[in-house]
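There are 2 protein chains.
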Amino acid sequence: MAEAATRRRGGGGASRRAERSAVSFETARYIQRNIPNFEILNDEALEIIEANAETVLAEIGVNIVNNPTALDLWREAGADVNGERVRIPRGLARKLCETAPQTFTQHARNPARTVEIGGRNLVLAPVYGPPFVHDAEAGRRYATMADFEKFVKLGYMSKWLHHSGGTVCEPTDIPVNKRHLDMLMAHMTLSDKPFMGSVTEPSRAEDSVEMCEILFGKEFVQDNTVMTSLVNINSPMTFDDVMMGALEVYAKNNQACIISPFIVGGAMAPVSVAGTLTQVLAEVTAGIAYSQLIRPGAPVIFGAFVTSIDMNSGAPTFGTPEASQITYGAGQLARRLGLPYRSAGAFTGSKLPDAQAAYETANSLNMGLLSGVNFMLHACGWLEGGLVSSFEKFVMDADQLGALHKLAEGIPVDSDAQAMDAIAEVGPGGHYLGCAHTQANFKSAFWRSEVFDYKPYETWSEEGARDTMALATERVRRQLETYQQPALDPAIQDALTEYVTKKKASMPDAFM
Amino acid sequence: MAEAATRRRGGGGASRRAERSAVSFETARYIQRNIPNFEILNDEALEIIEANAETVLAEIGVNIVNNPTALDLWREAGADVNGERVRIPRGLARKLCETAPQTFTQHARNPARTVEIGGRNLVLAPVYGPPFVHDAEAGRRYATMADFEKFVKLGYMSKWLHHSGGTVCEPTDIPVNKRHLDMLMAHMTLSDKPFMGSVTEPSRAEDSVEMCEILFGKEFVQDNTVMTSLVNINSPMTFDDVMMGALEVYAKNNQACIISPFIVGGAMAPVSVAGTLTQVLAEVTAGIAYSQLIRPGAPVIFGAFVTSIDMNSGAPTFGTPEASQITYGAGQLARRLGLPYRSAGAFTGSKLPDAQAAYETANSLNMGLLSGVNFMLHACGWLEGGLVSSFEKFVMDADQLGALHKLAEGIPVDSDAQAMDAIAEVGPGGHYLGCAHTQANFKSAFWRSEVFDYKPYETWSEEGARDTMALATERVRRQLETYQQPALDPAIQDALTEYVTKKKASMPDAFM
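Residue numbers (our numbering), protein chains in the order written: chain A, 7 to 518; chain B, 7 to 518.
These are computed hints drawn from the structure, not numbers from a lab. Here the structure is a predicted model, which means the values were calculated and not measured. Among the hints, a few may not be true.
If you want the footprint, here are the derived chain A segments under chain B, 3+ residues with CB under 8 angstroms [to be verified]:
1) 39–48
2) 66–80
3) 178–189
4) 234–243
5) 274–281
Every beta carbon over 12 angstroms from chain B, so not counted as near; a handful from chain A, in silico [as the list claims (entries may be wrong)]:
6) M151
7) D420
8) T503
All C-beta atoms in this analysis are idealised placements derived from N, C-alpha and C, irrespective of residue type, glycine included.
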């Protein structure tokens with residue numbers, strides 16, 4: 007784990023000097039956990055929740071809105087369909103989930119960046135969806151395509167980020183019906199990491215597949231998964247035609263979807279953790295079962311975006327103990343289903359990348375690692391309850407992801423790690439700074455932040471007494487200055503440009 | 007758990023109005039975990055470390071400095087003593103540890119605040135030791151007795167802090183040989199929570215016992231533990247006469263000590279986690295064995311203050327993955343010895359209570375909870391690698407400790423928590439905000455920060471767009487304004503004052 011897939015760039019003194027600078031173009035291998043998961047629920051509790059979820063599906067059912075084909079599929083599969091309400095007999099949804107793969111490969115155009123999703127792995131992807139961006143200089147404002155491109159660049163340059171993500175912010179200056187084209191273009195050309203497809207219309211999912219066929223080749227896309235996209239469930243227990251339409255396109259094309267309730271506890275699910283877990287399990291098994299009705303074996307991820315609520319104001323709250331409990335519990339439920347698990351992220355409700363943001367984020371990131379998450383969306387850059395993509399927080403969070411890598415390596419106990427020679431060499435009252443074992447191991451012994459300040463107080467004061475925000479501002483600037491685009495076959499670049507140009511010309515702008 | 011021991015104050019409209027204000031004088035019961043511990047090491051790894059620790063004790067040994075009595079005790083117990091080097095035959099130190107209690111009670115003068123240390127419990131105590139203080143207004147400066155008293159007051163008013171601690175900051179304006187008297191006086195009179203005794207000279211430990219005899223009564227102190235004090239080991243493997251002298255006083259008087267290596271990995275222990283754990287185990291078992299040689303059954307805590315180092319600058323680093331690994335592993339070693347465990351805290355190397363401080367602190371607090379810590383010193387207020395007690399960070403961290411309480415409660419799965427009626431009542435497409443289950447449970451359902459901002463962006467902007475630091479400044483001010491001293495028998499107060507006055511008059515000031 008943490009074996010780096012180094013990208014070396016072309017020759018020339020300037021290029022070599024760039025390599026020696028603080029900027030790194032390395033991407034760490036996705037995390038392969040060598041530590042256990044934290045199992046918060048015992049078997050009895052898990053069995054109660056599973057039995058209750060079956061009761062919910064069989065007796066209450068789910069609504070499948072504006073989607074007669076889906077109703078037909080469910081009816082044929084043995085469900086009781088009454089209007090748009092689908093009641094699923096006990097065990098049926100769970101049984102249908104069995105054809106979904108336990109792990110799958112999402113290919114990147116740079117094969118060194120291909121990821122395995124599932125098992126003991128953890129793939130980290132950036133923030134998804136905010137209409138606003140924030141930085142120290144210009145404050146909070148609507149996101150534009152220029153911002154989007156900057157975030158893709160920052161993601162490409164983040165050593166600990168394995169995935170380029172999807173809607174790293176909403177490019178609100180581009181028509182709604184065309185922005186998916188520009189967003190995909192940015193992921194495909196400004197980065198070589200794996201990415202996500204569009205889900206805002208089934209036709210945009212089709213466009214996403216077609217652009218991937220240009221990038222990867224048509225045959226490759228039919229045989230391989232090259233996108234993992236986010237399909238939200240309208241909790242409680244409602245599956246709308248837009249999201250299901252995107253799921254249908256992706257499943258038919260063997261492309262992966264995260265099937266994910268989006269829950270603020272107390273609003274879209276019960277105020278209790280056990281009740282919320284029951285609903286999450288019912289919703290996800292219904293959604294994944296449906297993906298398998300479309301195409302048995304289609305790659306999917308058990309998603310759970312669940313957080314708590316401030317009952318005073320109704321605001322969603324993040325990094326809270328109830329959110330952690332749900333994330334730990336949902337991980338256990340996903341593993342018992344044998345499915346890859348998506349949850350957690352760099353969550354916060356704070357309006358600034360301040361201490362609140364960092365406490366809440368660190369709570370979320372830690373529980374994400376220990377709860378066995380396989381795909382972590384929003385792993386960096388999230389601010390203000392997901393309304394804002396923050397430039398500074400992006401690099402702060404991305405840096406912290408390095409700590410997750412190191413923690414996940416576990417504790418080696420081989421002869422060198424036991425360090426008995428060192429203890430004997432140094433002895434009582436000595437110090438280890440110069441001993442042979444330290445000399446041999448110090449370079450890799452300790453994870454080190456590339457954002458935080460470790461200097462003595464006096465040096466730090468002389469340098470301007472900067473807080474983390476100021477240090478991050480500087481890092482964002484430096485990263486964007488030293489960014490270099492990964493190479494891409496010019497013929498592919500041209501074909502993508504032609505596709506996007508034609509597609510855009512084929513329809514009038516729409517901003518709704 | 008989290009059952010509150012409410013302190014109600016005397017009558018009068020003003021007092022009742024004060025009670026209804028934002029300030030709370032409640033203290034939560036110490037945490038009684040209803041969640042598992044995170045077990046990072048498997049049995050094989052634990053056995054390797056335990057065997058290696060025995061080898062260290064038997065073949066390398068420990069230094070016991072300037073303490074002939076201790077050498078005699080060890081010789082009588084069967085150790086090989088050569089000068090100040092003590093080699094302890096395999097199994098002997100571990101065997102001697104068996105008489106130490108698995109859990110013990112530390113009494114507070116307010117019985118509702120008495121704590122049980124050990125088992126599945128977690129007792130939270132504030133920062134210990136910094137010579138500097140910091141706040142937003144006045145910045146960083148040497149700590150004074152006035153600062154000390156403010157921290158004791160803040161600790162008394164913190165709902166989630168079970169313990170008043172010890173040297174919450176060093177009152178540098180008071181002579182070194184007298185400050186322990188003023189510090190104890192502050193803990194005894196400004197708070198009614200349990201506290202720590204002095205360890206800087208054996209005579210000061212004696213003074214601490216004598217002051218407790220005034221506060222609790224002489225007989226009570228002989229039969230009960232009323233102090234838990236911090237005895238550091240000079241790692242690697244050195245036990246100095248000052249610390250051991252304090253331990254001797256406390257153990258003889260049945261008072262508790264944390265016996266704790268103080269390790270910056272790579273300097274005072276090997277750069278590897280397994281090597282560090284080996285050394286920690288060897289040191290702590292030797293120290294605890296010694297406490298049991300003094301008085302079998304003396305209450306002690308297996309301590310581990312261990313963090314990593316920045317190999318670039320030599321600065322200690324906090325909230326790092328290696329520190330987490332060590333804390334998880336040391337917890338397992340402590341449990342296998344059947345001893346209460348002290349580790350973790352609100353650690354950070356940052357110079358400000360900024361995002362760095364909060365990421366590092368949250369990493370540390372989370373691993374502290376999950377690693378099974380029973381006594382967490384430094385649970386709030388720590389800044390700049392322990393050089394600084396921060397007023398703002400004290401209240402920020404103390405607030406986060408509430409999240410630990412809630413997480414530790416675990417996930418109820420009783421019939422009410424299953425919320426099946428709520429799921430049926432709301433159904434697909436509904437919302438839970440008004441349903442019966444939510445109405446019945448919303449008050450206790452979700453933990454809520456009393457420092458963070460959960461308001462909408464617009465409200466937050468209108469109120470001055472304050473970051474967490476500014477919100478915390480306000481909370482510190484409010485807490486200190488509304489502080490009320492807990493009642494104390496005036497005769498005891500007078501006797502304490504007389505003791506301190508006489509003691510101070512009995513010796514000249516010393517500032518070294």
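Hint check:
1. Interface restraint, the segment 39–48 of chain A with chain B: holds (6 residues with C-beta to C-beta distance below 8 angstroms; minimum three).
2. Only residues whose beta carbon comes within less than 8 angstroms of a beta carbon in chain B count, and the segment 66–80 of chain A has 4; three or more means the coverage holds.
3. For the segment 178–189 of chain A, the assignment as covered by chain B is violated, since 0 residues bring a beta-carbon within under 8 angstroms of that chain's beta-carbons and 3 are needed.
4. Three residues within the 8 angstroms Cβ limit are the bar, and the segment 234–243 of chain A against chain B gives 3, so the coverage statement holds.
5. Here's how the segment 274–281 of chain A fares: 8 of its residues keep a CB closer than 8 angstroms to some CB of chain B, so the rule of at least three is met and the hint holds.
6. The claim that M151/A lies off the interface holds: its Cβ sits roughly 23 angstroms from the closest Cβ of chain B, which is beyond the 12 angstroms cut-off.
7. Consistency note on D420/A: stated as away from chain B, yet its beta-carbon is not over 12 angstroms from all of that chain's, at 8 angstroms minimum.
8. The non-interface label for T503/A is consistent with chain B: the shortest C-beta to C-beta separation is roughly 38 angstroms, beyond 12 angstroms.
Hints 3, 7 from the list above are not met by this structure, while the remaining hints are.
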